[in-house]
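Enquirer: Take a look at the letters that make up each chain.
Protein chains: 2
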Amino acid sequence: MSDNFELQKIDGSARAGILKTRKGEVATPFFLSVATRGAIKAGVDGDDLQQMQAPVLLANTYHLHLRPGSERIAQMGGLHSFTGWKGPILTDSGGFQVFSLQRKKIQDHGVLFRSHIDGAEIFLDAKKSIEIQNNLGADILMAFDECPAGSLPHTSTLSSPEKRQKKLYFKIRTAVERTTQWAKESLEAHFAQWDKKLSPLERPQVFGIIQGGTFPDLRNKSLQEITALPFDGFALGGLAVGEETSAMYEVLDQMTSQMPSQKPRYLMGVGTPGNLLEAIGRGIDMFDCVMPMRNARHGTVFTHHGILKISNSAYREDTGVLDLECTCPVCAEKKYSRAYLCHLLRTGEILGQRLLTIHNLSFYHQLMRTAREKILAGQFYSWKEKIFPHITKTPPEAGKKGEEKTKD
Amino acid sequence: MSDNFELQKIDGSARAGILKTRKGEVATPFFLSVATRGAIKAGVDGDDLQQMQAPVLLANTYHLHLRPGSERIAQMGGLHSFTGWKGPILTDSGGFQVFSLQRKKIQDHGVLFRSHIDGAEIFLDAKKSIEIQNNLGADILMAFDECPAGSLPHTSTLSSPEKRQKKLYFKIRTAVERTTQWAKESLEAHFAQWDKKLSPLERPQVFGIIQGGTFPDLRNKSLQEITALPFDGFALGGLAVGEETSAMYEVLDQMTSQMPSQKPRYLMGVGTPGNLLEAIGRGIDMFDCVMPMRNARHGTVFTHHGILKISNSAYREDTGVLDLECTCPVCAEKKYSRAYLCHLLRTGEILGQRLLTIHNLSFYHQLMRTAREKILAGQFYSWKEKIFPHITKTPPEAGKKGEEKTKD
Chain A
1 MSDNFELQKI DGSARAGILK TRKGEVATPF FLSVATRGAI KAGVDGDDLQ QMQAPVLLAN
61 TYHLHLRPGS ERIAQMGGLH SFTGWKGPIL TDSGGFQVFS LQRKKIQDHG VLFRSHIDGA
121 EIFLDAKKSI EIQNNLGADI LMAFDECPAG SLPHTSTLSS PEKRQKKLYF KIRTAVERTT
181 QWAKESLEAH FAQWDKKLSP LERPQVFGII QGGTFPDLRN KSLQEITALP FDGFALGGLA
241 VGEETSAMYE VLDQMTSQMP SQKPRYLMGV GTPGNLLEAI GRGIDMFDCV MPMRNARHGT
301 VFTHHGILKI SNSAYREDTG VLDLECTCPV CAEKKYSRAY LCHLLRTGEI LGQRLLTIHN
361 LSFYHQLMRT AREKILAGQF YSWKEKIFPH ITKTPPEAGK KGEEKTKD
Chain B
409 MSDNFELQKI DGSARAGILK TRKGEVATPF FLSVATRGAI KAGVDGDDLQ QMQAPVLLAN
469 TYHLHLRPGS ERIAQMGGLH SFTGWKGPIL TDSGGFQVFS LQRKKIQDHG VLFRSHIDGA
529 EIFLDAKKSI EIQNNLGADI LMAFDECPAG SLPHTSTLSS PEKRQKKLYF KIRTAVERTT
589 QWAKESLEAH FAQWDKKLSP LERPQVFGII QGGTFPDLRN KSLQEITALP FDGFALGGLA
649 VGEETSAMYE VLDQMTSQMP SQKPRYLMGV GTPGNLLEAI GRGIDMFDCV MPMRNARHGT
709 VFTHHGILKI SNSAYREDTG VLDLECTCPV CAEKKYSRAY LCHLLRTGEI LGQRLLTIHN
769 LSFYHQLMRT AREKILAGQF YSWKEKIFPH ITKTPPEAGK KGEEKTKD
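For the record, the sequence lines run as chains A and B.
Quick note, in the working numbering, the first sequence goes up one by one and the last residue is 408.
Quick note, in the working numbering, the second sequence goes up one by one and the last residue is 816.
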């Protein structure tokens with residue numbers, strides 16, 4: 001048992017545990033609520049998060065550093081004080097956003113890019129990323145890594161698949177090498193600020209990120225190098241970036257069998273409810289993804305009985321709730337019918353986006369809590385087999401694209 | 409004392425009373441919360457309204473008839489069941505929206521217009537308006553009226569001010585005549601559906617609307633004709649449509665001195681906090697306006713110490729709350745600083761619009777409750793004189809347009 005993670009039960013490869021931070025304990029597996037700019041999109045507030053028992057907030061270093069500025073946030077007492085969120089906050093390293101920019105210059109020691117807001121030139125490296133994350137007051141910091149795309153750009157002039165694959169391999173190998181170097185620099189920067197003797201409950205924790213795309217040897221190399229470093233937890237990056245789902249699951253199988261069992265394992269940027277169950281079944285403890293929120297804003301709703309496209313005209317007179325098995329305020333208190341939510345979505349009322357975001361996020365958190373219960377009871381896989389086809393089902397109505405556009 | 413209104417106290421011309429409806433009693437003066445399409449904009453929900461003690465919801469006949477359709481709402485049990493709102497609901501007649509459309513054909517018996525959604529031709533008259541409002545399940549219906557603009561269009565070719573004024577006079581005189589005719593038809597349509605012997609607490613109520621622009625003789629004519637009809641309350645329409653504020657106050661002085669004292673008085677579409685206090689001081693009991701919501705979405709905040717433009721860079725590091733005297737959840741629980749709200753507004757996060765809408769609406773409702781207390785205590789006017797300069801003050805920062813655009 002490590003200081004910051006208590007592994008309570010292993011059911012096959014699935015794990016139930018407790019992640020301990022300076023802002024409290026969190027039961028695993030869990031899903032992070034993504035508050036990119038210090039707020040959940042569509043007007044979801046702190047009370048909503050509390051009501052859905054959201055355990056940990058994720059904020060984005062890149063966005064907050066640009067606006068309102070990480071030093072400004074530091075002056076005002078950090079993100080907890082700024083946003084009013086009292087639980088643990090995890091920040092990403094900013095790398096993922098920066099590497100997604102069109103205009104950037106990746107160098108061995110860091111990345112030069114331009115702010116999408118005012119075009120100002122900004123340099124980001126491991127030291128700077130850790131400094132920003134500590135300014136933000138994060139409880140869990142992510143090491144600065146290079147997250148390359150899972151495939152070459154379509155504009156690549158290499159026509160042969162072998163040549164393309166080879167070029168991708170070398171690109172990802174370079175990223176793996178930089179990621180290891182930057183991981184060391186991240187730890188160095190963090191422990192220049194925080195006394196190494198402090199327990200991980202007395203200081204912010206730092207998680208390392210394993211890269212390597214879908215190349216087993218590169219994944220292996222990254223895993224060996226990153227897990228050799230004294231991180232408080234380990235994340236898998238560079239997945240769900242365009243590769244096949246089956247390839248992602250293969251990487252998970254390869255990785256989790258070798259990752260330290262006494263540290264939390266975080267799969268970054270994943271995914272659908274089905275993806276989450278598959279990943280938990282392979283030994284992952286933590287997830288984040290914008291999907292439940294983004295889908296909600298577009299009217300796509302996750303339920304225990306399948307995925308609904310609530311703006312579909314089929315729901316215009318449906319007085320039932322979204323999901324009878326759901327305990328969220330939108331469903332459980334039966335205040336909001338599918339017909340009303342359909343109306344709000346079709347008329348563009350923000351309230352619709354807000355209520356669906358609350359529902360979808362709640363659905364994810366409930367799914368994690370139930371998964372945990374099932375692991376603790378040693379029934380994870382049988383439960384997963386049973387629930388999987390239901391939660392991933394797309395009802396026939398969702399396909400009626402023509403119908404959906406019907407004017408009412 | 410009439411069946412639906414209890415006048416509790418008169419302080420000068422200001423009135424405190426109780427409006428009684430089939431969905432409960434409401435203390436006057438009060439402000440209606442505008443839920444145009446069955447939802448408050450910016451994601452404010454029923455729990456928020458309950459928390460701010462919002463007494464009555466206003467929904468728009470025009471918008472709801474077009475989408476999702478008033479018959480569909482009737483089939484689903486009316487607006488209360490559809491929206492989840494349990495208190496009284498007032499609906500407008502649809503006239504105001506229809507008369508605001510560019511493409512419409514006003515006839516003596518009604519208005520022909522095209523839906524802004526799909527271009528379908530729709531005819532609206534008193535009978536149809538009342539039928540729609542009853543389909544929606546309104547507790548207070550508004551008679552169908554003609555609300556002409558307070559001035560001629562700028563494109564009018566009449567150059568002489570006298571000619572313009574004369575033309576406007578004849579336009580408004582026609583509107584007054586039609587409004588009286590339509591008022592009678594509205595009552596007839598309503599009591600074709602509801603037994604006249606029912607008390608106003610057992611059936612939906614209907615309010616008549618007085619028109620006449622700022623022409624004293626036309627206002628007088630409309631007042632005499634409308635108040636002669638057996639309405640449950642009387643509204644002043646055709647104000648705050650472009651005329652000078654002083655002209656509006658003159659109309660109020662003229663009207664409220666003659667309106668039946670035993671019926672509720674509703675000033676439609678007004679206004680700023682200052683306008684509300686002036687109108688209460690002239691004997692008005694009810695108001696509605698989109699201003700607190702619309703201003704909130706643009707970052708303009710009403711407080712007990714003046715009007716703030718919260719997106720102004722002056723607030724980027726202001727860790728104080730919006731308004732120390734405010735009891736709304738945004739202010740009273742001190743969770744949200746001006747700096748955070750400024751950040752949310754500047755980054756376009758919906759949460760900012762939502763929180764400011766909650767604050768502004770709460771501010772209006774608080775102002776009405778305090779006005780009532782002061783009337784009951786016989787201190788309305790001295791309180792109004794004291795608070796007026798504070799709540800209408802525009803701080804110097806709000807004028808710094810250049811500063812406001814500064815990139816951060």
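No lab work stands behind these hints, which were simulated from the structure alone.
Cβ coordinates follow ideal geometry from the N, Cα and C atoms, glycine included.
It is possible that some hints are incorrect.
[To be verified] With a Cα cut of at most 20 Å, we get these calculated PhoX-like pairs of lysine-lysine:
| no. | chain 1 | residue 1 | chain 2 | residue 2 |
| --- | --- | --- | --- | --- |
| 1 | A | K335 | B | K431 |
| 2 | A | K128 | A | K166 |
| 3 | B | K592 | B | K535 |
| 4 | A | K334 | A | K9 |
| 5 | B | K417 | B | K742 |
| 6 | A | K335 | B | K494 |
| 7 | B | K494 | A | K334 |
| 8 | A | K393 | A | K335 |
| 9 | B | K513 | B | K494 |
| 10 | B | K743 | A | K23 |
| 11 | B | K743 | A | K41 |
| 12 | A | K86 | B | K536 |
| 13 | B | K536 | B | K431 |
| 14 | A | K105 | A | K86 |
| 15 | B | K629 | B | K579 |
| 16 | B | K629 | B | K535 |
| 17 | A | K167 | A | K184 |
| 18 | B | K512 | B | K536 |
| 19 | B | K604 | A | K86 |
| 20 | B | K431 | B | K494 |
| 21 | A | K167 | A | K221 |
[Said to hold, decoys possible] Some, not all, of what chain B presents toward chain A, calculated at C-beta under 7 Å:
| no. | residue |
| --- | --- |
| 22 | R445 |
| 23 | D726 |
| 24 | T727 |
| 25 | L752 |
| 26 | K801 |
Enquirer: Taking each numbered hint in turn, which are not upheld by the structure, reported in ascending numerical order?
Expert: Going through the list in order, the structure violates hints 2, 4, 5, 8, 9, 12, 13, 14, 16, 17, 19, 23, 26 and respects the others.
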